[in-house]
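Once you have looked at the hints, place chain B on chain A.
2 protein chains.
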Amino acid sequence: MMNLTQVDKYLETHLDESIAELSTLVAQPSVGAQNWGMQECARLVGQMLARRGFNIEIMPTGGAPVVFAERKGRSNKTLLFYNHYDVQPAEPLELWDTPPFEPSLRDGKLYGRGVSDDKGHLTARLHTIDAILATDGELPCNIKFIIEGEEETSSVHLHDFIRENKQKLAADACIWEFGGVDHREVPMQYLGLRGICYVELSVETASIDVHSGLGGSIFPNAAWRLIWALSTLKGPDERIRIPGWHDGIAPPSARDRELMAAQPDLAEEYKSRFGVTGFLKGLTGGVELALAEVFEPTCTICGLTSGYQGPGSKTVQPAQASAKVDFRLVPDQTPERCLALLRAHL
Amino acid sequence: MMNLTQVDKYLETHLDESIAELSTLVAQPSVGAQNWGMQECARLVGQMLARRGFNIEIMPTGGAPVVFAERKGRSNKTLLFYNHYDVQPAEPLELWDTPPFEPSLRDGKLYGRGVSDDKGHLTARLHTIDAILATDGELPCNIKFIIEGEEETSSVHLHDFIRENKQKLAADACIWEFGGVDHREVPMQYLGLRGICYVELSVETASIDVHSGLGGSIFPNAAWRLIWALSTLKGPDERIRIPGWHDGIAPPSARDRELMAAQPDLAEEYKSRFGVTGFLKGLTGGVELALAEVFEPTCTICGLTSGYQGPGSKTVQPAQASAKVDFRLVPDQTPERCLALLRAHL
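Line order of the protein sequences matches chains A and B.
Going by our numbering, the first sequence opens with residue 1, and the numbers climb by one from there.
Going by our numbering, the second sequence opens with residue 1, and the numbers climb by one from there.
By construction, these hints were calculated from the structure, which means they are not laboratory data.
For clarity, every value in this text was computed on a predicted model and none was experimentally measured.
For every residue, glycine included, the Cβ atom is placed at its ideal position computed from N, Cα and C.
One should not assume that every hint holds.
[Unchecked claim] Which bits of chain B does chain A cover? Going by a derived footprint, with three or more residues having C-beta under 8 Å, they are:
hint, stretch
1, 83–93
2, 148–156
3, 208–219
4, 227–235
Chain A extracted, bound-state conformation:
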């Protein structure tokens, strides 16, 4: 049995090394949405695993490569870690105090894109492996890693990848990419999360923008068309209005309610951290807020763009408009079915 006190001590003694290695990983851009640095980051992650004695393979997919790694341990059980090396776009850049890909240690915290999601978690796991190997000489079980590069862009190729590599990925248990502590410093364990269907809606009503004094009352306006389409997806009552969207969705079970009721009430924490003054649908906190947060399907506008967006006024009628919309899906909803319902509705 490994000595956890020794493992902790090792990690503490080698804290600077782990921060240095994380900084190197964060400094390597890997913005999936912009296809920026993906191959380079996959290679870097592969090297990090190879240094720990893992056999690695950098496996192509239809998109960003998957890094697969494996190392034998004492038992014949296998633990699989799923992580990802891609990060979200860093824009808007003006909100960063330091450049997103130049990690900066301030007040005991490391700032940089991907420090938390998910390069930090991967690095933490690798340093824990270092600690176990240093104190115990061997891993307690076989360890596999699957580290993909499309988590932030809906893991488009992962499903096929897993189907094609079932044998290679076979394991007795899998630990998902992240984890952490809540505001009370209590470690959190997630047993599931909602799915996602992310779409971009685009409208084009003319070949060029028109002076707004000319076309305002006779030409179609792409921005208006987009507004009206979006306003049919969800109303101010927050209910998704796409016909069929809620069909067959089961409400949380009694056991779900019981487990969620055991969570701390995050209402005040959310208000102070995000500056929201209240919650939707009359929610004030407690188990009802917690249930709404994770058991309800969502329709979130993530971005809007049309026409002139600079300072001051420009009298222009836009020919183009677009919106990015993120639907979070609950059990018994699939992205394919939801996309079909959305198409049928629009």
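Chain B in isolation, oriented as in the chain A frame:
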């Protein structure tokens, strides 16, 4: 009486000079919405008039300065020209074949921001004055110019400026900034245009953007709030829904209809120039299209901005969203009253 043939001949002979002078003026940025180059452009315009023997004054306002110029002529009648030296923002820059402030002569046409609106018209007038002076030695009447720098940003300070300088601006007639020929090369004369009320609507629902997996079903979303607010301003039937907006608006008179019916039908011209496939409200062309174009109040979205707008997806719930909205006003509507109705509605 001046000899118009000689005037035409002078203009033709000096075409290169007039294009060169226009190019210099266009090369001086003067983007009112971005407060870029306004003082410099006012000085340049003043120099252009001073070269023609005008007495000039560059007069401060609460915003961009007004260039006032005056030169005596043969009669004691006074003609006032109103022009403006400010231009619209040149964005989106990627749609320009050549830089907007580097005028470029291609296929016999000069391209650059402000070539048409309104630096070209001002330069054309000054070269006509050159031609008259060269052929006739004297102007036929007193000429005054008032050249402002806020036309593209709603002429916020012009009303006060005119009230404070009534005597200086006194004239027997005034010719407005632009003019041109229609698609048949027939010179157009406008006897009036709609007014404008341009607003920016901004929403802020949180102090920072939130991951869309967290806040989607419990935090207010600035983009959604904006969509719902906008969708109450105008519906897909194109009618403005702000209570009271249409009160007291007189329909076009029989004389208006008669004059508009004498215009050529622009339907096909609009379709080919702007790439629109049809018109709003079932309009197909003829006098009804012409009347709708200029006699109806409009509510045009000129710009939308919120959240992530780059390539690919970013799972973010925006804390801020904004829209630029241009209302065109018809007789008996005032910006003040319309703004009050809009505020009361929202």
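Outcome of the hint check:
1. 83–93: holds (count 3)
2. 148–156: Coverage by chain A holds for the stretch 148–156 of chain B (3 residues, Cβ < 8 Å).
3. 208–219: With 10 residues closer than 8 Å to chain A, the stretch 208–219 of chain B meets the three-residue bar; holds.
4. 227–235: Coverage by chain A holds for the stretch 227–235 of chain B (6 residues, Cβ < 8 Å).
Hint compliance for this structure: no hint is broken.
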